[in-house]
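The listed protein sequences correspond, in order, to chains A and B. Going by the working numbering, 28 is the number at position 28 of the first sequence; the sequence numbering is gapless. Going by the working numbering, 1196 is the number at position 196 of the second sequence; the sequence numbering is gapless.
Warning: the hint list may mix true and false statements.
[Claimed, not checked] Calculated Cβ distances over 10 Å to all of chain B for the following chain A residues:
(1) A111
(2) H113
(3) S127
(4) P192
(5) A200
(6) A222
[To be verified] List time: in silico SDA-like cross-link candidates among lysine to any residue, alpha-carbon distance up to 25 Å:
(7) K1126/B with G50/A
(8) K126/A with G1051/B
(9) K1126/B with T53/A
(10) K1126/B with G51/A
(11) K21/A with G155/A
(12) K1212/B with S1240/B
(13) K212/A with K1212/B
[Claimed, not checked] Covered, in the sense of this in silico footprint (three residues per stretch, anywhere, with C-beta under 8 Å from a C-beta of chain A), are these stretches of chain B:
(14) 1139 to 1145
(15) 1162 to 1168
(16) 1220 to 1228
To be clear, the hints were calculated from the coordinates, so they are not data collected in a lab. All figures in this text were calculated on a predicted structure; none of them were measured in a lab. C-beta: ideal position from N, C-alpha, C; glycine also.
Chain by chain, the residues run as shown.
Protein chains: 2
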Amino acid sequence: ENILEPQPAVFRQISVPEQSKMEYCTDTGLVVPAVTPELHQQLLAAAERGGLTLERRMEVVGICASQMALMLLGGSSRLDPKNSHQRPSVVVLCGVHEQGAQGIACARHLANHGVSVLVYLHNCTKSPPVIAAELRLLQGTTATCMSQHAGLPTGPVDLLVNCLDCTKTCTAQREQPWYRSVVAWAGGSRAPVLTIDPPASGPATPGGLQSKWSLALGLPLALGEGAGRVYLCDLGIPESIFQEVGILYHPPFG
Amino acid sequence: ENILEPQPAVFRQISVPEQSKMEYCTDTGLVVPAVTPELHQQLLAAAERGGLTLERRMEVVGICASQMALMLLGGSSRLDPKNSHQRPSVVVLCGVHEQGAQGIACARHLANHGVSVLVYLHNCTKSPPVIAAELRLLQGTTATCMSQHAGLPTGPVDLLVNCLDCTKTCTAQREQPWYRSVVAWAGGSRAPVLTIDPPASGPATPGGLQSKWSLALGLPLALGEGAGRVYLCDLGIPESIFQEVGILYHPPFG
C-alpha cells in the first residue's frame, strides 16, 4: 500500500507580535491568541486603509451577530410559519458608540428575519454618524427603538444582546445611573446575554453584565471573567492586512 | 383542556404589484413570488436611497454566497486542520459588472476561510469602480486572479461560482469568443455550478452555464431552465423599502 501520510496537523497558525496574555482554543484544536486593545485598534485602522470601510464592517458584524443570535434562539424552527404566534423576542442594549451601532445593525437583521426586536439606545443629545446611519436603516423594519430604561419590558424576553460598552469609556459609563438601571433590569429579566465586541476588561467586571456568550471581532481581546463562551466573528479582513500590523494569521474558522 | 389553538399558519405573506409569472415555495411552505427584472431594479434603487448602499449590499452578498458555497463544499469538516493537505478548490467566473463584483467579494470571504480560490475576470481595459474596489480587497488574500481563460486549471475543481452574466448585456456577451471558451472549459471541468444573482432568462438558456444551484438576491426573478435548486439571499432590505415599490413583504427566511 502506498498511502500518502497527511502532513502532521499544525494547530498554532496565528502569532502576534507581543507575548499574548491569554490564548483561546477552537473546537478543532486551533490556538487563537488574544490581542491587546491597542493592536486590535491598529488592525481595524489598517483594514479601513485597505478598503474594508466601517460601513462594510458594520454590515458584516450585523449579519454574523444576527446569525449567531438566531442560532441561540433555536434556529429556523422558532421562525416557522406554524409558529408565528410565538415569535422570539430580543432586546438589544446599545451605548452611543461604534459597538452600539453594531447592536443596531444586528437588530435590523434580526427584525428582517421576523424576530420581535426592541432596541434600547441610551438617550443622548447628538448621535455620532455611525449611530445615525444605522438608526435610519432600522426605521424601515418592524423593530422598535426606545431611550427610556423605565419602558423596558416586564414580560419574558428570549435573548439580550449587550452592546452597552465600548473599549474606551466603559468604566466611567458604568457609574452612570442610566447604566446601572439597565444592568439591574437585565439581571431581573433572567434572559441569557450575548455580548458583541466586549471590552478587554470583560463584560462583567464591576458593574457590567454577566454574559453567557461573547462575540469577539477579528481576533479576541483577553476577556476577563463573565465573558462566558467566546465566539469569533470573521470580519473578512484579508491576511495581508494582519501582516501589516505584525500578525501572522491563518483563518481559524473552518 | 383549554389549549389555545394557534392561528392557522399563513403561507402567502408576500405579494407583488403585478401578477407574477412564477412562484417559488420554501421548504417550510411559504410562497415566494418571482418579480420582474424592472421591479427588482426598482427595489435595489429604493434600498440604495434608504441607506443600504452598494458597498453594504456587496458585503452581504459576499458573506452569504461564501457561507452557501462553504456549505456546498461540505462545511467545516473540509477545513479542519487535520485536512489541510486537501483544501477545497473553487473557481469564481466573473464578468465585468456588479454581478462579477459580487463574485469577487464571495471569493475574498472564501479565501479568508482557507479555501483555495481562483478568480477568472474577463480581461477588459477599464474596470468599473465596483470591480476595482473588490479587486483591491481581494489582493490582500491568498486568492489568485487571472484574465486569460487559457490559464484555467486542468485539474479537479470542487465548485464553480458563476457570475458571468449580468441582467442587461447577457445575450450579446454570450456570443463573444471568450465567453464561449469559459463555458466550454466549465462544462469540461465537470464541477458543480453555483450561479449568483442569475438573469431572468436563467443561467443556462442558450450559451449559458447549467447550474446545480442558483442564489437569488432579495426576491427571485422568474428563472428559466438550468437554474437548478434556487436559494434566496437576505439582502437585509427593511420591509418599508419593499412597500415603497408596492411589494407587501414578510421575511420568508426562518
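These are the hints, each one checked on the structure:
no.	hint	in the structure
1	A111	violated (8 Å)
2	H113	violated (5 Å)
3	S127	holds (14 Å)
4	P192	holds (21 Å)
5	A200	holds (24 Å)
6	A222	holds (23 Å)
7	K1126/B with G50/A	holds (21 Å)
8	K126/A with G1051/B	holds (20 Å)
9	K1126/B with T53/A	holds (23 Å)
10	K1126/B with G51/A	holds (20 Å)
11	K21/A with G155/A	violated (41 Å)
12	K1212/B with S1240/B	violated (33 Å)
13	K212/A with K1212/B	violated (40 Å)
14	1139 to 1145	holds (count 4)
15	1162 to 1168	violated (count 0)
16	1220 to 1228	violated (count 0)
Hint compliance for this structure: hints 1, 2, 11, 12, 13, 15, 16 are broken, all remaining hints hold.
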